[in-house]
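Asks: So you can see what is in the structure, the chains are spelled out below.
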Amino acid sequence: MAEYKLTTPLTDEDIEQLKAGDVVFLSGTIHSARDAAHKKLFDLLDAGKELPFELEGSAIYYVGPSPAPPGRPIGSAGPTTSYRMDTYAPRLHALGMKASIGKGKRSDEVKAAMKEHKGVYFGATGGAGALLSNSIVESTVIAFEELGPEAIRAMKVKDFPLLVINDCHGGELYVKPKLDTAE
Amino acid sequence: MREIQAADVVEAVAQMCMKGNTELPQDVRRKFEQAMAEETSPAAKEVLRQLLENADLSLETKLPLCQDCGLAVFYVEVGDDCKVVGGNLRELINEGVRKGYADGYLRKSACDPLTRANTGDGTPAIIHFDMVPGDRLKIAYMAKGGGAENMSRVTMLAPAQGWEGIKKFVVNRVAEAGPNPCPPTVIGIGVGGTFEHAAKIAKKSLLRTLDDTHPDPKIAALEKELEEALNGLGIGPMGLGGKTTVLGVKITMEPCHLASLPLAVNVQCHSQRHEEVVL
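Sequence order for the protein chains is A and B. Heads up: the first sequence at position 81 corresponds to 142 in the working numbering, and the numbers run straight through without jumps. Heads up: the second sequence at position 204 corresponds to 750 in the working numbering, and the numbers run straight through without jumps.
If you're looking for bench data, these hints aren't it; they were derived computationally from the structure. In this text, a Cβ means the ideal position worked out from N, Cα and C, and glycines have one as well. Take these hints with a grain of salt, some might be off.
Stated by the list, open to error - Think about it this way: if two alpha-carbon atoms lie no more than 30 angstroms apart in a straight line, the pair counts; the simulated BS3-like pairs of lysine-lysine are:
hint: 1; chain 1: B; residue 1: LYS750; chain 2: A; residue 2: LYS80
hint: 2; chain 1: B; residue 1: LYS608; chain 2: A; residue 2: LYS217
hint: 3; chain 1: B; residue 1: LYS591; chain 2: B; residue 2: LYS608
hint: 4; chain 1: A; residue 1: LYS239; chain 2: B; residue 2: LYS750
hint: 5; chain 1: B; residue 1: LYS591; chain 2: A; residue 2: LYS219
hint: 6; chain 1: A; residue 1: LYS239; chain 2: B; residue 2: LYS591
hint: 7; chain 1: A; residue 1: LYS237; chain 2: B; residue 2: LYS608
Said to hold, decoys possible - Simulated restraints on C-beta separations:
hint: 8; chain 1: B; residue 1: GLY632; chain 2: A; residue 2: PRO134; range: 36 to 42 angstroms
hint: 9; chain 1: B; residue 1: GLY666; chain 2: A; residue 2: GLU199; range: 42 to 48 angstroms
hint: 10; chain 1: A; residue 1: PRO70; chain 2: B; residue 2: SER587; range: 29 to 35 angstroms
hint: 11; chain 1: A; residue 1: LYS217; chain 2: B; residue 2: GLY666; range: 26 to 32 angstroms
hint: 12; chain 1: A; residue 1: PRO134; chain 2: B; residue 2: LEU605; range: 18 to 24 angstroms
hint: 13; chain 1: B; residue 1: GLU584; chain 2: A; residue 2: PRO70; range: 38 to 44 angstroms
hint: 14; chain 1: B; residue 1: GLY632; chain 2: A; residue 2: PRO130; range: 27 to 33 angstroms
hint: 15; chain 1: A; residue 1: PRO70; chain 2: B; residue 2: ALA552; range: 53 to 59 angstroms
hint: 16; chain 1: A; residue 1: LYS217; chain 2: B; residue 2: SER806; range: 53 to 59 angstroms
hint: 17; chain 1: B; residue 1: LEU825; chain 2: A; residue 2: LYS80; range: 18 to 24 angstroms
hint: 18; chain 1: A; residue 1: LYS237; chain 2: B; residue 2: PRO705; range: 31 to 37 angstroms
Unchecked claim - Heads up, incomplete: computed chain A residues facing chain B, CB under 8 angstroms, no partners named:
hint: 19; residue: ALA108
hint: 20; residue: GLY109
hint: 21; residue: VAL124
hint: 22; residue: PRO126
hint: 23; residue: PRO130
hint: 24; residue: GLY136
hint: 25; residue: SER137
hint: 26; residue: ALA138
hint: 27; residue: TYR144
hint: 28; residue: THR148
hint: 29; residue: GLY190
hint: 30; residue: ALA212
hint: 31; residue: PRO238
hint: 32; residue: LYS239
hint: 33; residue: THR242
This is chain A alone, in the form it adopts within the complex (with noise of 0.2 angstroms):
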């Protein structure tokens, strides 16, 4: 398992190098978007109207932080459960974003749009989320501010520790479950 540091916007040279069982450290810009603001982003695509932030090279990060408390720039910050969002990956992939960042599995669409479009599937540790935010030094509201946690930030992050749970390779990290010896 190789380690990586990459800087977004992410590029199909970036993509095409990580495998399943990689660690990357990203730094840059992410932005964060989950159900709602996905189904509010997919009305202006529809719309032919332009999203509130570029799509090549982004990484999405499927999470709705709490509150920032005083001297903090955002709350604690880890990922959402990424299957709910799996409707509307394959387009995003399309359009020109790179990485969605999340917990937990993706559906077969999501997989081959990733391999179609040189795209990555990050995962974060579920729940640890005051330790994520550490990597968080900036957040910023660009869109849909009424949906509160589920608005989208522009996050700057540095060194933000992921795993590389889908490569565009077809490549996946999580075990098949041993139901055989289950049972």
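Fit chain B to the supplied structure of chain A, relying on the hints for placement.
Replies: Showing chain B alone in chain A's frame:
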């Protein structure tokens, strides 16, 4: 009749919300440390290391352990010989949630099911009341995150399916959930009662500490059997493989209709956040 002041209820609830979201329970911490010693895979060890570091950081900074501070769930036992004065108990608990989630900078996750509009203050809480003998008011709080809750299921088995059917359903559910609910999870199981009661007792089981043993040795043995079966799945911390898929299995069993075998599996994430206060 013993009197309990409204303000004491509000304050106790607010404190539980804040403490519950920022302090990893000691029994969970001990399980993490034990699991770290037993795991051989570097990925499993690294996840557990991060969770322990996260817990230390939460204590120090008062940032919540997880950004998902849950829907606030309460199991309340009201003694026959006590009375809350100065307000309605349900309203006071909701007031405590509003205060705790605001003062603690906790994420408010309650929303309309269809419009998805956030209620803005973390309420309404889910509150289960029970009348018990005595003059005490016991309030147990649980922060129930969405990721783990979504992996939970209720089913109605046929009586003939018995324990084997229960075991099979639970094992398949945990296998299917895989990495999604933030393993290692705690599995609360309700067997018996009715459709809704099974779910209620499954969740209530999660209020028990991890290192207690069920007082009924037969049920304690079933809990152990299931725990071993689930850890045999090899899902491991965050689904990256390993020996620790669950931290514990807690079963509550109650009588049911002679035609029924209700079963509920309530999945709780690794931080198993809960608090209890007796007034």
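Asks: So, for every hint listed, does it hold in this structure?
Replies: Results for each hint:
1. B:LYS750 with A:LYS80: violated, 42 angstroms
2. B:LYS608 with A:LYS217: holds, 22 angstroms
3. B:LYS591 with B:LYS608: holds, 25 angstroms
4. A:LYS239 with B:LYS750: holds, 29 angstroms
5. B:LYS591 with A:LYS219: This hinted pair holds, its Cα atoms lying about 23 angstroms apart.
6. A:LYS239 with B:LYS591: holds, 20 angstroms
7. A:LYS237 with B:LYS608: Answer violated: LYS237 of chain A to LYS608 of chain B is near 37 angstroms, above 30 angstroms.
8. B:GLY632 with A:PRO134: 36 to 42 angstroms: For GLY632 of chain B and PRO134 of chain A the Cβ distance comes to about 40 angstroms; the hint holds.
9. B:GLY666 with A:GLU199: 42 to 48 angstroms: violated, 25 angstroms
10. A:PRO70 with B:SER587: 29 to 35 angstroms: holds, 33 angstroms
11. A:LYS217 with B:GLY666: 26 to 32 angstroms: holds, 28 angstroms
12. A:PRO134 with B:LEU605: 18 to 24 angstroms: holds, 20 angstroms
13. B:GLU584 with A:PRO70: 38 to 44 angstroms: Since GLU584 of chain B and PRO70 of chain A have Cβ atoms about 42 angstroms apart, the given range 38 to 44 angstroms holds.
14. B:GLY632 with A:PRO130: 27 to 33 angstroms: holds, 31 angstroms
15. A:PRO70 with B:ALA552: 53 to 59 angstroms: holds, 55 angstroms
16. A:LYS217 with B:SER806: 53 to 59 angstroms: holds, 56 angstroms
17. B:LEU825 with A:LYS80: 18 to 24 angstroms: At roughly 56 angstroms between Cβ atoms, LYS80 of chain A and LEU825 of chain B fall outside 18 to 24 angstroms, so the hint is violated.
18. A:LYS237 with B:PRO705: 31 to 37 angstroms: holds, 33 angstroms
19. ALA108: violated, 19 angstroms
20. GLY109: Constraint on GLY109 of chain A not satisfied, violated at 24 angstroms.
21. VAL124: holds, 7 angstroms
22. PRO126: holds, 5 angstroms
23. PRO130: holds, 4 angstroms
24. GLY136: holds, 6 angstroms
25. SER137: Hint on SER137 of chain A: holds, closest Cβ of chain B at ~4 angstroms, below 8 angstroms.
26. ALA138: Holds. Min distance 5 angstroms.
27. TYR144: holds, 7 angstroms
28. THR148: Given a least distance of 15 angstroms, the restraint on THR148 of chain A is violated.
29. GLY190: holds, 4 angstroms
30. ALA212: violated, 11 angstroms
31. PRO238: Nearest chain B Cβ about 4 angstroms off; hint holds.
32. LYS239: Where the cut-off is 8 angstroms and the nearest Cβ of chain B is about 5 angstroms from LYS239 of chain A, the hint holds.
33. THR242: THR242 of chain A check passes; min Cβ-Cβ to chain B is 4 angstroms, inside 8 angstroms.
Checked against the numbered hints above, the structure violates hints 1, 7, 9, 17, 19, 20, 28, 30; every other hint is satisfied.
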